[in-house]
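If you're matching them up, the sequences are chains U and Z in order.
Its first residue numbered 1, the first sequence is counted upward by one per residue in our numbering.
Its first residue numbered 1, the second sequence is counted upward by one per residue in our numbering.
None of these hints come from the bench; they were simulated from the model.
Please note that a few of the clues may not be correct.
Stated by the list, open to error - Facing chain U, a subset of chain Z residues (Cβ under 10 Å, in silico):
no., residue
1, W6
2, R44
3, E49
4, L78
5, V104
6, G125
7, L130
Quick reminder that beta carbons are idealized off the backbone N, C-alpha and C, glycines included.
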Amino acid sequence: MRIIFSLASGALFGLGLLLSGMTDTTKVQGWLDVFGAWDPTLAFVLGGAIIPMFFAWRLTEGRIPKLGGSFPPKPAPVLDRQLIVGSALFGAGWGLAGLCPGPAMASLTFGGIGGIVFFVAMAAGMIATPPLRGWVDARYRNA
Amino acid sequence: MIDWIWGLAGGLLIGSAAALFLLVNGRIMGASGLLGGFLDGSGRNNMAERLAFIAGLVVVPMLALPFVTTQTNLTPNLLIVIIAGLLVGVGTRLANGCTSGHGVCGISRLSLRGIGATAVYLLTGGVTLLVFRHILGVI
Numbered sequence: 001m002r003i004i005f006s007l008a009s010g011a012l013f014g015l016g017l018l019l020s021g022m023t024d025t026t027k028v029q030g031w032l033d034v035f036g037a038w039d040p041t042l043a044f045v046l047g048g049a050i051i052p053m054f055f056a057w058r059l060t061e062g063r064i065p066k067l068g069g070s071f072p073p074k075p076a077p078v079l080d081r082q083l084i085v086g087s088a089l090f091g092a093g094w095g096l097a098g099l100c101p102g103p104a105m106a107s108l109t110f111g112g113i114g115g116i117v118f119f120v121a122m123a124a125g126m127i128a129t130p131p132l133r134g135w136v137d138a139r140y141r142n143a
Numbered sequence: 001m002i003d004w005i006w007g008l009a010g011g012l013l014i015g016s017a018a019a020l021f022l023l024v025n026g027r028i029m030g031a032s033g034l035l036g037g038f039l040d041g042s043g044r045n046n047m048a049e050r051l052a053f054i055a056g057l058v059v060v061p062m063l064a065l066p067f068v069t070t071q072t073n074l075t076p077n078l079l080i081v082i083i084a085g086l087l088v089g090v091g092t093r094l095a096n097g098c099t100s101g102h103g104v105c106g107i108s109r110l111s112l113r114g115i116g117a118t119a120v121y122l123l124t125g126g127v128t129l130l131v132f133r134h135i136l137g138v139i
């Protein structure tokens, strides 16, 4: 059952990304390009996505997930360096290409060679992060 | 004008997908976390769930392709594509989330981390467009 609902959720996510135009990098870059031909579409996508989730979070109160287990605990309200640096790097990459992880996967079958190259580079970055973080932490402690 | 209607409709679908994943499976629908945990092995106790989600996300847009007109319009400059991909990969794993996890799931929960992360990546994304499009003219 968990696998079926994971598949359904991924499918719905992919359809939403396609329908909303978020697999089109010009729409994403258009939103970030405040000093150019600004495109407000992304605000409607993010706003539209937050609405069902706002109610979903309310529904989690005092309940458990349909398939058992527990809901993810709310993280402590701390803005640490890793969150800020990581988000800053992500934003730069997002602006450069106009792709974030969801749309990069959703457009994998029709994004051509460039889309595949982006996905491979992103995957390499993801795999490299835990050892990279360990190396930086070690250096930082010694300094 | 029609673009924002499609944006809103697609956004509602994205939010419904996240709500389904949360209420049924009890999990945060974060694209970078689901993929990253699959790739680096940190999600080894729920690999099948991750793979099923990714399969739906990759395959279903392909099946819908005959009914829509879409293009990714990605820059043909592969050097920029590679640098951008690396930044997105490292950044989202360091920050433990991207537009779906921090943006959609975090903001809707009024999580400080989600709101803070979203503010930072929107800011650096905007600055990147300003510098690399309007000053350097490379994207």
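Against the structure, the hints:
no. : hint : result
1   : W6   : 6 Å, holds
2   : R44  : 13 Å, violated
3   : E49  : 4 Å, holds
4   : L78  : 6 Å, holds
5   : V104 : 4 Å, holds
6   : G125 : 4 Å, holds
7   : L130 : 6 Å, holds
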